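Take the sequences, apply the hints, and build the full model.
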Amino acid sequence: MREGGDGLEGDAGGDNRQDDAVLAEGETAVKSACVVQVESGVNITDVRKFTLLFWLLTLSCFVVYGCVLPFNNVASGILLERNYFTSSPSDCRLEYPDQCSVGYLQQGTNDALNANGDVCSIAPSQAPVLPTSVSHTSADSDMSDEWEEGTYVYPSLTSDHVDCGDPFWTDACTSNYCTKQNAATEHAGKVMSIPYLISAVSSPPLGHLVDRFGRRAQIAVFSSSLLLVVHLTLAISASSPIGPMIGQGIAYSLYAAVLWPSVPLTVPKEYTGTAFGVITSIQNIGLALFPLAIAAIYNVSGRRYIPHVEFFFMACAAAGVMVGLVMNRLDGRCGNKLNKVYIEEEEVEVAANNVGEEGDGDFAAVEGDQYFSPLLQSEGVIS
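Numbering-wise (this note's numbering), the sequence shown opens with residue 1 and increments by one.
Hints are not guaranteed to be accurate.
Unchecked claim - Pair by pair, the computed Cβ-Cβ distance ranges are:
no., residue 1, residue 2, range
1, T158, D118, 21 to 29 Å
2, G243, S135, 44 to 52 Å
3, Y96, L287, 26 to 34 Å
4, V201, G165, 31 to 39 Å
5, P204, S133, 52 to 60 Å
6, P291, S225, 20 to 28 Å
7, G165, S225, 38 to 46 Å
8, P89, Y342, 53 to 61 Å
9, P291, G335, 37 to 45 Å
10, S135, S203, 25 to 33 Å
11, R303, S133, 13 to 21 Å
12, E146, L287, 35 to 43 Å
13, L197, V119, 25 to 33 Å
In case anyone wonders, no lab produced these hints; they're calculated from the structure. Because the structure is a prediction, the values reported are computed rather than measured. Glycine included, every Cβ here is placed at the ideal spot set by N, Cα and C.
Below, the structure written as structure tokens:
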């Protein structure tokens, strides 16, 4: 019986050791994902030791900023195409389609007519109808010295050919088109300023709220989700862009308020500068690549932004949501480094208590308001 008991005890001991080994491996994995092992000195190659939490934060920065800043570069074109300078009615043609519409090269009238021969009704947000073709040279006008080119021959004229910075189009041939386009561009510029105004006003109070309540990783998920809704609305809806622009501004402000303060929380203080350099470098790589991708999508889509370019921004925002969810899960395993609140007063109080503990530091405990050198006390000069 004793031998059988010893066998059971041996099996139990083996199982316990196996469980301890599994627990140790789990603790090691969590530690490697959350803690950087700091050695003497700082070397640029130490970035290989940065935690998974830092790299998730960097990936989040890569995709979310790719959804914000490149959009600002093309927002004017998107708003013009979507809201303020949409395509002309498809069933309208000029009465004389091979002549200029409005300008000093058109001596009479050249109205846009529908299939029934009636004058077309052009909405305020629609572009005027362009000629289907033009053929003019500098010999056609005494004012041609202001034109940027000597010959304007376009058998199949499109809006891409019309340069409203050229007096030929602005004054001589398509004056109505360029006047309306310039007014629409100015309007779009005003709407584009909404995200920047919101960011300028809200960033300081949002930063204060983050310091007070924490929740950095959770807010990163919320801001990415808000960007997803913004670009979904721009892609499939014809509603006013003011609401989406307000959402863009709020999302941008929230994300910036939580991203950059989170970087020092994911690396030891010895590597703070290196960490900022790495995340900024990777961010700029994205800002260099994303405009190239957007230009390719724009050209493949027939030189239109809606909806495929907006789908690209939606994909970036969705990636930001997924990365943020993983980041929150890992942050919970790492002690909520990103989501917890850091209160300076509590840290000062803990430090003061540690200093007051006798034998646990360089200072001896003292009573009242008498403070003496620990060295003098140890030598018996002061009792």
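Status of each hint after checking the structure:
no.: 1; hint: T158 / D118: 21 to 29 Å; in the structure: holds (25 Å)
no.: 2; hint: G243 / S135: 44 to 52 Å; in the structure: holds (45 Å)
no.: 3; hint: Y96 / L287: 26 to 34 Å; in the structure: violated (48 Å)
no.: 4; hint: V201 / G165: 31 to 39 Å; in the structure: holds (34 Å)
no.: 5; hint: P204 / S133: 52 to 60 Å; in the structure: holds (56 Å)
no.: 6; hint: P291 / S225: 20 to 28 Å; in the structure: holds (24 Å)
no.: 7; hint: G165 / S225: 38 to 46 Å; in the structure: holds (40 Å)
no.: 8; hint: P89 / Y342: 53 to 61 Å; in the structure: holds (60 Å)
no.: 9; hint: P291 / G335: 37 to 45 Å; in the structure: holds (39 Å)
no.: 10; hint: S135 / S203: 25 to 33 Å; in the structure: violated (54 Å)
no.: 11; hint: R303 / S133: 13 to 21 Å; in the structure: holds (19 Å)
no.: 12; hint: E146 / L287: 35 to 43 Å; in the structure: holds (39 Å)
no.: 13; hint: L197 / V119: 25 to 33 Å; in the structure: violated (41 Å)
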